[in-house]
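Trainee: Each chain is listed here by its residues.
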Amino acid sequence: MRAAWRPPVETSSPGSTRPTSPRDGNMDESKIRTELKKWIVAHSKVPVTGELPDDTPILERGILSSLDIVELVLFIESLRGDEVDTEAIEPAVFTSIDTLYSGFFAP
Amino acid sequence: MDTQPIDRLARQLTKQSRDENWNVWTYFDWPESIPDDAWCMSPELCSLYGTEMWSELSEAQQKKLSRYEIGNFFSLTLQGERPLVAGMSDRLYQTKISSDATEYLHHFIDEENKHMVMFGMFCQRYLGKVYPEKKVAFPREYVKGEEEMSFFCKVLVVEELGDYYNIVMMRDERIAPIVKQINWIHHRDESRHLGFGREHTKALWEKWSPTWTPEVTQRFREWLVQYVKSSWADFYNPAMYKDAGLENAYELRQKALAHPATAEHRAKASKKLLGFFARTGILESVPAV
Ligand SMILES: [Fe+2]
Ligand SMILES: [Fe+2]
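Protein chains in written order, with the numbering used here: chain C, 1 to 107; chain G, 1001 to 1289.
Careful, some of the hints might be misleading.
Claimed, not checked - Some chain G residues near chain C, calculated using beta-carbon distances under 10 angstroms:
(1) Lys1135
(2) Phe1138
(3) Val1143
(4) Glu1146
(5) Glu1147
(6) Arg1221
(7) Trp1223
(8) Tyr1227
(9) Ser1230
(10) Pro1238
(11) Glu1251
(12) Arg1253
Just so you know, the hints here were simulated from the structure itself, not pulled from any lab data. Don't be surprised by glycine CBs; every beta carbon is placed ideally from N, CA and C.
Model the full structure from these sequences, guided by the hints.
Mentor: Okay, here's the thing in structure tokens:
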């Protein structure tokens, strides 16, 4: 049994972008989608101009490469406050922000 | 053709493997437990070493972290050896590999299987688990020779980085004897694997890269640099920090990865690997990792 996750003690310096966990109660769906989008844009291999729609195919468009997925998984774990079992997930879950949200966060 | 230098090397390595053959089931005297006050990994190799995040820990906390660090390192090596054995098995008796090389690959596979047994036993005994891999496989297309090059480059990355750690730890009197011994036996086998891998990868590069377009070569090089970086990032595993009782494991990883002291460590520990890639022309220069 995994121990219940507790919110980390706030020690970050000003300007740190530490995400809050959904279990803090203050991270709703739109906040999670925004955090995912910010991360994807920051790690993009191609310039992303303007709005990045939630159904953009992020791998197909070359925005992320398959090697970025390990990093993305760790970021998702930090958002969820819980580990992701990569053996149990289908690659299709990494298609877009929509599929990431429904695969990892939707209740 | 048995006059190829790689075949001569394969025959030599086969002989050495037979001379140095060892039995993983009887080789170790596994201690019941490793005492809490023991270093399990050389402190200088721990991922936070050289940063304020390390100096802020008490020695007891550092030693506790070293236990999960060695568990993560052994798990990473084991996770890297799994696809390596699968790939080597696929190549046995194929026409692209000579019969001398096939004979040596049997030893390669045999030794890697023993390594997985040994790392798995260590992690299960003293940590109760092997750290899982976070990789997800996506199908992709390759030009001729590209997949072959990628496979052997991946093998070299896993083995060269691991070997740097093995060499430091097999000489370190401060660490738990069982860890020292595992590093020593692993290094002994790996030095043969590396000898073969470097020659074979160089030959593959000379064979295939002239047939690639500049775009393919560029794509391959970008992939390789990314692969080395992502292999390094695995050493900063948030799950390992969390197991060692450290808070904010994910941010700790991000901070540690971005710290100049750890960048310096990675440059030093990758020198041999990246020097090989640069010398052979596989990479144009030594990248920052
Ligand atoms: Fe090995
Ligand atoms: Fe090996």
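Trainee: Where does the structure disagree with the numbered hints, that is, which hint numbers, in rising order?
Mentor: Numbers 3, 4, 5 and 6 - these are the hints that the structure violates, sorted from lowest upward.
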